[in-house]
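Asker: Here are the chains, one letter per residue:
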Amino acid sequence: MNEVVRISSAEKLNSSTWVIRFKAAFDARPGQFVMVWAPGMDEIPLSLSSVGETKAVTFKVIGDDTRKLSAMSEGDRLHVRGPYGNGFDLSSRKVLLVGGGIGIAPLMPILEAKEADAVFAARDGDEVAYCVPIAEGLGRRHWVSTDDGSLGFKGNAVQLVTEVLGENVYDEIIACGPEIMLYYLHRLCVERGIRCQMSLERYMKCAAGICGSCMVDDRRVCADGPVFTGEQISELREFGKTARDASGAKKKL
Amino acid sequence: MNEVVRISSAEKLNSSTWVIRFKAAFDARPGQFVMVWAPGMDEIPLSLSSVGETKAVTFKVIGDDTRKLSAMSEGDRLHVRGPYGNGFDLSSRKVLLVGGGIGIAPLMPILEAKEADAVFAARDGDEVAYCVPIAEGLGRRHWVSTDDGSLGFKGNAVQLVTEVLGENVYDEIIACGPEIMLYYLHRLCVERGIRCQMSLERYMKCAAGICGSCMVDDRRVCADGPVFTGEQISELREFGKTARDASGAKKKL
Amino acid sequence: MNRLATAVGSVKLKRPGIVASGILDETGPSMARMLSGGAGAVVSKSIGSVAKGGHANPNFIETGCWTMNAMGLPNPGIDAFREEMEVAVAAGKVIGSVYAASPAEFASLAGKMEDYGAAAVELNLSCPHAAGFGMEMGTDPAMVRSIVSETKDAVSIPVWAKLTPNTHILASIGRAVEDGGGDAVVAINTLKAMHIVPEFGKPFLSNRFGGLSGRAIKPVGVRAVFDLRSAVSIPIVGVGGIYGHRDALEYIMAGACAFQVGSAVSEMGPGIFESINAGLKEFMAEFGYKSIKDMEGIAHE
Amino acid sequence: MNRLATAVGSVKLKRPGIVASGILDETGPSMARMLSGGAGAVVSKSIGSVAKGGHANPNFIETGCWTMNAMGLPNPGIDAFREEMEVAVAAGKVIGSVYAASPAEFASLAGKMEDYGAAAVELNLSCPHAAGFGMEMGTDPAMVRSIVSETKDAVSIPVWAKLTPNTHILASIGRAVEDGGGDAVVAINTLKAMHIVPEFGKPFLSNRFGGLSGRAIKPVGVRAVFDLRSAVSIPIVGVGGIYGHRDALEYIMAGACAFQVGSAVSEMGPGIFESINAGLKEFMAEFGYKSIKDMEGIAHE
Ligand SMILES: Cc1cc2nc3c(=O)[nH]c(=O)nc-3n(C[C@H](O)[C@H](O)[C@H](O)COP(=O)(O)OP(=O)(O)OC[C@H]3O[C@@H](n4cnc5c(N)ncnc54)[C@H](O)[C@@H]3O)c2cc1C
Ligand SMILES: Cc1cc2nc3c(=O)[nH]c(=O)nc-3n(C[C@H](O)[C@H](O)[C@H](O)COP(=O)(O)OP(=O)(O)OC[C@H]3O[C@@H](n4cnc5c(N)ncnc54)[C@H](O)[C@@H]3O)c2cc1C
Ligand SMILES: Cc1cc2nc3c(=O)[nH]c(=O)nc-3n(C[C@H](O)[C@H](O)[C@H](O)COP(=O)(O)O)c2cc1C
Ligand SMILES: Cc1cc2nc3c(=O)[nH]c(=O)nc-3n(C[C@H](O)[C@H](O)[C@H](O)COP(=O)(O)O)c2cc1C
Ligand code: FES
Ligand code: FES
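Residue numbers (my numbering), protein chains in the order written: chain H, 1 to 253; chain F, 1001 to 1253; chain X, 2001 to 2301; chain D, 3001 to 3301.
Part of the chain D face toward chain H, derived, beta carbon under 7 Å:
no.: 1; residue: P3058
no.: 2; residue: N3059
no.: 3; residue: F3060
no.: 4; residue: A3080
no.: 5; residue: V3197
Hint data in this document are derived by calculation from the structure and do not stem from the laboratory.
Since this is a predicted model, take the numbers as computed values, not measurements.
Cβ atoms here follow ideal geometry from the backbone N, Cα and C, with glycine treated the same way.
Could you put together the complete structure from these sequences and hints?
Answerer: Right, here's the structure in full:
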C-alpha cells in the first residue's frame, strides 16, 4: 500500500531519537516496517513502533535522511509504503524482549500487546531512559543496561540477559538491535536451548522481496524476514559476519 | 468478469430455440446479460435465463452466430464476459410478467424467484410450448397467446394482457420481447396507470457502458439498462422508432 | 472563484476534464449527457469520410487493471455526423475528432467539423488498430507535420494532435506538431496490445491487436506528458488511466493544462467527472492552489 | 514424460519458466534458491564493468496493477560477480545478463560470463532508466546488430538480446538481432513510465523516470512476442506481467518457447514457479498438449 500520511505528532525522545506519529489506513503487526519518504530525502526503512490506528516510527538520527526526518513536524506529510515484512510471532507464553539501542522501538508494540518482560540495552542512560516510564506505565518487568553504567546494569545486553536468565525462565526471547548484539544473544539462546526470534537489517531498496539487495544468504530480510527464528538464523552463514552495500558487493560487518 | 466456461448441457427447446447451461463463478441477477463468444463466431449479448450457480442462456437461431452457438454441445467451451446491465427490480408485490418470443427466456429467473403471473406470447405454439410445463411445474398462473392461434389465445401479447387486466390487478408489469410489443404494452401501462419495467435491446459492442454503440437517446442500454422503468421509457424519443447500426448510423425500427 | 477553470490555448474550459474520443460520443444525445455531467468538453468519436461499422465483435475486454479495445473506428461518416454535432454543440464545447488516410482528407474532415460548430479539431494520429490510419501515420514526423499544417490551413479553429505512445520518438512527433502549427498535443492514445485466450489458443479480439487503456497505462501517459513538456511549448492535454483526481493531478503536474477521461467511465460511470471535480477542488483548497495553471508542470521543478 | 521441457535454441530447460533479470539474482545464494524452487533457469542481474550503487531510493513502487522501478542497474561489477556466479552455476542454468555502453564492452562482459559458466548471455538492450545504456542503444537497429555480432564473435555460448517495447520499430530491432547472429530475442523489458505524488508535486522515483512492469504490461508483451514471431525465426523468450500459468500460456501461444517472471515474485513469492508449473501441467493434460513446443505460436493459426 502506498499512502501519503500527515504527521499527527513529532516528538524528540532524547538527544538522538525522534518519534513521528501518523494515522494510516493499512493494518500492521508488531515487527513490520515501512518505507518512508518525503522530497529531499532518500526513502528509508523504519520499523513501526506503534501499530494501532495511529502508527509511529521511532528513529535515531545517524545520517542525512534521519536528520531530515527529525526536522519534520505536525502537519507535514510523508509518503509511506508498506507495511512490509513478516512481523513477530507472538504465540509464546513467557517471553523476554531484548532491545538494543534504537532496536528497542520495534519491540514496544509487543510490550503493549502482551504481558512480557523486557531488557533495554543502550550505550548510555540518555539513549534508553525514555523506555522506562513506558514499561512502568504498562506494568511490565524490565531491566536496563548501559555500556557506561549511567543507568541500570553496567555492561551489554547479553551480559544482562545472562543475569536475568539466572533467575527467570522464558519460553522465548524476542530481540532487536545491533547485529553484533544479536549474534552473541543468538549464541546464548542456542547454548541454553531457548527459542528466539530476531529482527535483522540489511540494505533495502524495494522492500517488496524482489530486487535482491537485502539478502542474508538466500533469505530476503524484507520479505522472508525481517524477523527470523533462532533455527533459521543458525543456518545463515552471513549473519554477524557480512552484509552487502547498495551495489550488492559484500562487505565485512 | 471474463471467464472461459464449459457447457454442462445444451438442449434444443423447439425448432429454433436452444438453451445452453454452464457453471460460472460470477453472481448475477435476473435481467442481466452476458457477452458470449467462441472462436469462429462474433461475440453476442444474451440474457441469462438462469442465474443460480448453474447459469443458462436461451436463444433463438436468427443468424450466423446463434446458429454456431446452437451447434455446441456438452463439454464445449465458451468465453463469457459479464454479467452486465442492471437487472430487474423485483420489489413489487403483485407482478405480471409479459414475454414475447425469445423475450420469455430472461423472465424465467423471475418466475423461479417469486410468485408471479405470466403471459407468454409467440408466433405459434412451437415457439412457446416449452414454457408451459415450466410454469406449471412452478405452480404459476400463466396465459399463452399465439399469432396463429395454434396454442392458447389467438392474438398478440398486448391484446392478451388487456384481457388479463380485465380480471386481475397488478402492481407492476415486467416485460421483455420485440420492441414493437413493448411499445404498445408501454402505452397500455401508461393508459392504465400501471407501473412497468421493460428490457430493451440495442446493438452492443463493449457492453460495459463506454463505447456508445447501444444508446437509446442518451441512455446506454448495456449499463443504464437493459431494464428501464415505464417513466424512463416515456422520456425516450427513440424507443419504438429508431435504433442504430454498428456504425452508429440511425435506422428506422 | 472557479478554481477549476482552465484553457487549452484559446479554448477556454470551465472544468479541466474532457471526455476522451471514443467514449460515449458517437451520438449527439450521449455527448450532451456527458457535457451536462461535469465534463468541461467532449471529444467526439473519431469520424472519417464514410460510414464504417468497425471491427466485428469481440472488440472490447477489461480487467480490474486494464481495458483493451479494437473498435476499428466505427462511425457513421462525417456527413451523417452533422446531426449528432448539432445536438452536442447545443449542450457545450465539442472537440471534433477525425481520422483520415492523407493530409488532404484530414483537412477536409476538419473543415466539416468547424462547420458543425466544433470548438477545436483533434487529429487522431494514434489509433493502434486501424490499418492505414492512426499510429501508422503518427510515427512519421514529416507526415505528422504535413497533416497538421494542411489542416491548419483549412480551418480557423484550433487543431490538436493526438499522439501515440507506441514509439521512442515521441518528442520528435510532438515537435512536428508544433512545427506544423498545431495548437495542442493530446497524449496518450492506447498502447498496442493483444490478449490471448489460452483455452482457445487464439487472440480474443477479432482484429487480434487492440489498444490498451485504463489504469495500466497511466504511468506511461504521465511520462509521455512529462517528456512532451520538455519538448514542446504548445499546450498539452493528458489522457490515459485517469480514475480519480489524484490521477488527473499527476498529468497536470507533469505538464498538462487539461485532461481527458476514457476507460474509467466504464467502472465509475458517467458521474466520474463530478467526482473528479470535487476531489480537485478539495485538494486545491487544502494545498492552496488557486488555479489549474498554478499546478501545471510543477513536477519539473 | 516431462511435458514442461523446452529449449531456447541449444539451451535446454527442464521447465519453461526463467527468473527475469533484476529479480533476486544479484547474489549467488539467491539465484541458487530460485533454481531449486521450480525455475528452469535464472537470468542474473544485469552486470556492468564496474560496481554501481544504482539510483538512490526511492527506486521502487507497486500497486495491484503495476510495478515501477528505477534501480539504475546496481551491481557489484563483473569481477566481483565471479563468486556469485560460482554459487549459482553449481545449482543450475544461469543466463548472464550484461549491460554496456559499446559493442566491445558488451563482448568483453559476455566473455567473462562465459568463463563463469553461464549457459547463455543476455544483452540488456532495453533498460529504460539508465542514461547511456539500455534502450538508448536498443532502439538503433545498426547499433543492435553490431553489439550482437561483436558479442557473438567473442563467445561460444548462445547470445540472447533483450528488447525494449518502447518503440514502433520492434520488428526491425528483432531482425537486427537475427542479422547480427543472435540466438534468441527476449521481450519485453519495462515500459518507460513515471509516477508523480500529487501531495508533493514531485515524481516519486529519485530518477524521475522508471520502468513499468507487472500485470499492466502483459498485453503489450504478448503483442510484442506475437509481432516478433512474424518478424524473426530465432527463438523468442516472453516476459512481462506473468502471474500465473494462463499468462505464461499467452506468451507461448503468441510465439515464445520459454518465459521469464519478474514482478510477480513480489506478490506471489519465490514459490510462483512451482505454482505456474503445476498449472501448466494440468492445462496441458486437459487440452492434450504433449509439449511446450506443441503450443508455441499457435495463436497465429
Ligand atoms: C527493516 C529495517 C527496519 C529499520 N527500523 C529502524 C527503526 O525503527 N529506527 C531506526 O532508527 N532505524 C531503523 N532502521 C535503520 C534505518 O533504515 C537507517 O538508520 C536509515 O536508513 C539511515 O539513513 P540516513 O540517511 O540517516 O543515514 P545514512 O548515512 O544514509 O546511512 C547510515 C546507515 O544506515 C543504514 N541504511 C541507510 N540506508 C538504508 C537502507 N535503504 N536500507 C537499510 N539500511 C540503510 C546503513 O547501515 C547505513 O550505513 C531499519 C532498517 C531496516 C532494514
Ligand atoms: C441485452 C441483450 C440481450 C439479449 N438476449 C437475448 C437472449 O436471451 N436470447 C436471444 O435469442 N437473443 C438475445 N439477444 C439478441 C441477440 O444478441 C441476437 O439475436 C444475436 O446477436 C444475433 O446474432 P446472429 O449472428 O445470430 O444474427 P445476425 O444475423 O448477426 O443479426 C441478427 C440481428 O441480431 C441483432 N444483433 C446482432 N448482433 C448484435 C449485437 N452485437 N448486439 C445486439 N444485437 C445484435 C441485430 O438486431 C441483428 O439485426 C439479446 C440482445 C441484447 C442487446
Ligand atoms: C472503447 C474505446 C474507444 C476509443 N476510440 C477512440 C477513438 O475513436 N479515437 C481516439 O482518438 N481514441 C479512442 N480511444 C482512446 C481514448 O480516447 C484514450 O486515448 C485512451 O483510451 C486512453 O485513455 P483512458 O485510459 O482514460 O481510456 C478509445 C478508447 C476506448 C477504450
Ligand atoms: C526491480 C526490477 C529490476 C529489474 N532489473 C533488470 C535488469 O537489471 N536487467 C534487465 O534486463 N531487466 C531488469 N528488469 C526488467 C525485468 O527483467 C522484466 O523484463 C520486466 O520487469 C517485465 O517483466 P515482469 O512484468 O514479469 O516484471 C527489472 C525489473 C524489476 C521489477
Ligand atoms: S529490499 Fe528488495 S528484496 Fe529486499
Ligand atoms: S455497448 Fe458499448 S456502451 Fe453499451
